[in-house]
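S.K.: Protein chains in written order, with the numbering used here: chain R, -4 to 400; chain X, -4 to 400.
Keep in mind the hints are simulated off the structure, nothing from the lab. Treat the hints loosely; a few may be bogus.
Any copy, or any two copies together, can satisfy a pair, since identical chains are not distinguished.
To be verified - Derived pair list, reagent style DSSO-like, types lysine-lysine, alpha-carbon separation capped at 30 Å:
{"hint": "1", "residue 1": "Lys335", "residue 2": "Lys24"}
{"hint": "2", "residue 1": "Lys335", "residue 2": "Lys377"}
{"hint": "3", "residue 1": "Lys67", "residue 2": "Lys100"}
{"hint": "4", "residue 1": "Lys60", "residue 2": "Lys335"}
{"hint": "5", "residue 1": "Lys24", "residue 2": "Lys100"}
{"hint": "6", "residue 1": "Lys138", "residue 2": "Lys67"}
{"hint": "7", "residue 1": "Lys280", "residue 2": "Lys377"}
2 protein chains.
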Amino acid sequence: MPVNLSAPVAANLLPVAGVSLGTAEAGIKRAERKDLLVIKLDEGTTVAGVFTTNRFCAAPVTVAKNHLAAGKGIRALIVNTGNANAGTGEQGMDAARNTCAELAKLLDCAPEQVLPYSTGVIMEPLPVEKIIAGMPQAISNLKADNWFDASQAIMTTDIVAKAVSKQVQIDGKTVTVTGMSKGSGMIHPNMATMLGYIATDASIPQALLQQMVSEAANRSFNCITVDGDTSTNDALMLIATGKSGVAINEANYTAMQAVVTEVATLLAQAIVRDGEGATKFITIKVEGGKDEAECKQIGYAIAHSPLVKTAFFASDPNLGRILAAIGYAGVTDLNVETLKLYLDDVLVAENGGRATSYQETDGQRVMGQSDITIRVVLNRGKVNATLWTCDFSYDYVKINASYRS
Amino acid sequence: MPVNLSAPVAANLLPVAGVSLGTAEAGIKRAERKDLLVIKLDEGTTVAGVFTTNRFCAAPVTVAKNHLAAGKGIRALIVNTGNANAGTGEQGMDAARNTCAELAKLLDCAPEQVLPYSTGVIMEPLPVEKIIAGMPQAISNLKADNWFDASQAIMTTDIVAKAVSKQVQIDGKTVTVTGMSKGSGMIHPNMATMLGYIATDASIPQALLQQMVSEAANRSFNCITVDGDTSTNDALMLIATGKSGVAINEANYTAMQAVVTEVATLLAQAIVRDGEGATKFITIKVEGGKDEAECKQIGYAIAHSPLVKTAFFASDPNLGRILAAIGYAGVTDLNVETLKLYLDDVLVAENGGRATSYQETDGQRVMGQSDITIRVVLNRGKVNATLWTCDFSYDYVKINASYRS
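Given only the sequences and the hints, what does the whole structure look like? Please build it.
M.R.: The following block contains the structure:
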């Protein structure tokens, strides 16, 4: 079960004026399951995004980037689950382009004004005819107050849907930000099998919007990892309709950035809390590093160690495994004598070994919690970094050994 | 159960003149279990080794390196299981030095002529008094024909012992090489929780011996991975007694190197075959790369992907996961259109997607085997690299979630 995470309450998800959402059961992989989502945007909306860095990026990623670059203004996004349309070659590119063209016909816009997204099994042909056949159903139930259904339609191995709304006062007016995400495995920085859509009714010029989504991603989705795999399909999109009448500029940028980052962080953390088989939510803080790169390097070495992750699953304060991970992280001039390791408030290690004050019962107490913070104080600089991950359980293996069946 | 690997047959393990081995039940972690090994070497023996690159290297690693550097000639090695003496600070250094000093007294040599090795739990004090108390028992059963018992005494989570002998004719005389290894988790290049001891009765000068063990490690122990964790304690030692009367020099170096590398490779592969919870032995060949670094980078991305490893556990030809791993390996100028992916002899992917000739039944047939080769042909250079790994099963989690209990 997800770690301290419940499904969103539909009534708490605020509509964003200018955005309507409609879902369909297109039978892409299984029958009787919402697996297709259309997001329709009013004219004048700006859209920006960040995408996977995987060299085998999926066809829809390439098409979405091209369509954004065309600069005609985006009028719709379409998301399917059940098939990732990745590793599908030229045929996959045709399928993604056809999807956009068919939706464009139905919505009376240009194909370049539609962005496609796919998530699911890799290297199987996209059943594009099922997607096309499902479009009328999705369009028929388009409405602004539909984020709950939409967040369900983009789930794959997710146990719960992930969506959140925040409001903020900017220039004396209320700005709404609502977002949703999906993903629970193959999660790693630089966008894992992770889709995120955040919309606001602020008006944000294209260049500022791109800067805002990149910065938000770096502090949220690029700081989570479940298993170290970076997917072929990831994307985080930021949509600004301008319907609130609040225009974002250099002066009020910080306030808007803060709320977007807050929403992105909650959505990213929700992915980890629903990490495949997760029983623990682990925050890793690496402090006092020379630069962000080495802090993240050490943080990810800890976060990716199957030995660390299984020890957390077992609630076993086998904390030497964390020291070992710090040691092999690749920071070659690291002085292990001067660093300190904490588990929540408990000092575990210093001076190259176990702290004399450390009691196994203290470690055991913290390990019994479902939310745990690992803090590594490097004492060699002034930079900090925070990552989020989860433990590694029987169920991770079970889920991933049976995903296709 | 280990994948196509049985315990060694005692009668097949050939003694190496000049080397005697004795074991004891010292009760370091559990009672009634061989957990202490003394290897005694005749005078004039040369010893060289390669050690973990982990910054948190264990106290015995530091002491062993110092004693080798002292250059007084090594007369004994001592290995304990049940406790790694790692992350133990200055107290751990004292414990390792005391161990050497006490054994030196009993064997009438200098403390610097003894090399210590420990493997087991990290960050708990080494019970040095139990080790000292066990030494007389180990010394009392020292004998040349004792490799089988010795290979059992160094096991931790290993299911079977690992040892092998080979003989080769050099300069018209028979040279014997016998080796043993331990390890089944925390296995990664640059020496994982892995101990290896290879002895020969050839005479090999110190500088050549160091070159030989480094080269052998690079083609064997540094090409295996179970879970990507690099341990604090790893060592591969090469011991040359000279009792065969065969002297190794530049002229006959290659023949000797070949047999040492063969033994090292068998011992390294045995560790993967006995990988924690392994049900499949996977050979990863990356061919046609620009340099060895990028071949290994891609190979390890595949080998470390939990999604790939769980798919192999499930015998599920979900081969898109391999493409995804190739894509995020970090070779930023990789052209995915020109590479080919094979599973044994089956062409799986080319032209950026599934090969048109590929049939799921062919993939399924190969996935049903217990020994499988993944071959990636990059078509961008002339360099090849081979790695070995295993799959990821329920039992990996089970073993590592309960290791200390």
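S.K.: Take the hints in turn and mark each one as holding or not.
M.R.: Each hint, compared with the structure:
1. Proximity of Lys335 and Lys24 under a CA criterion of 30 Å is satisfied inter-copy only: 28 Å between copies versus 49 Å inside one chain copy.
2. Proximity of Lys335 to Lys377 under the C-alpha cut-off of 30 Å is restricted to the intra-copy arrangement: shortest distance 15 Å within a copy versus 46 Å between copies.
3. In the homo-oligomer, the alpha carbons of Lys67 and Lys100 lie at most 30 Å apart inside one protomer (16 Å), although the nearest pairing across protomers, at 84 Å, exceeds that limit.
4. Taking the shortest alpha-carbon separations for Lys60 and Lys335, only the inter-copy value of 26 Å comes in at or below 30 Å, while the best intra-copy value is 44 Å.
5. Taking the shortest Cα distances, Lys24 and Lys100 sit within 30 Å of each other inside one copy (25 Å), while across copies they are farther apart (72 Å).
6. Taking the closest pair of Cα atoms, Lys138 and Lys67 come within 30 Å of each other only inside a single copy of the chain (24 Å); across copies the shortest separation is 83 Å, beyond that limit.
7. When the C-alpha separation of Lys280 and Lys377 is checked against a cutoff of 30 Å, the pair qualifies only within one copy, where the shortest distance is 13 Å, while the shortest distance between copies is 43 Å.
The structure fails none of the hints (numbered hints given earlier).
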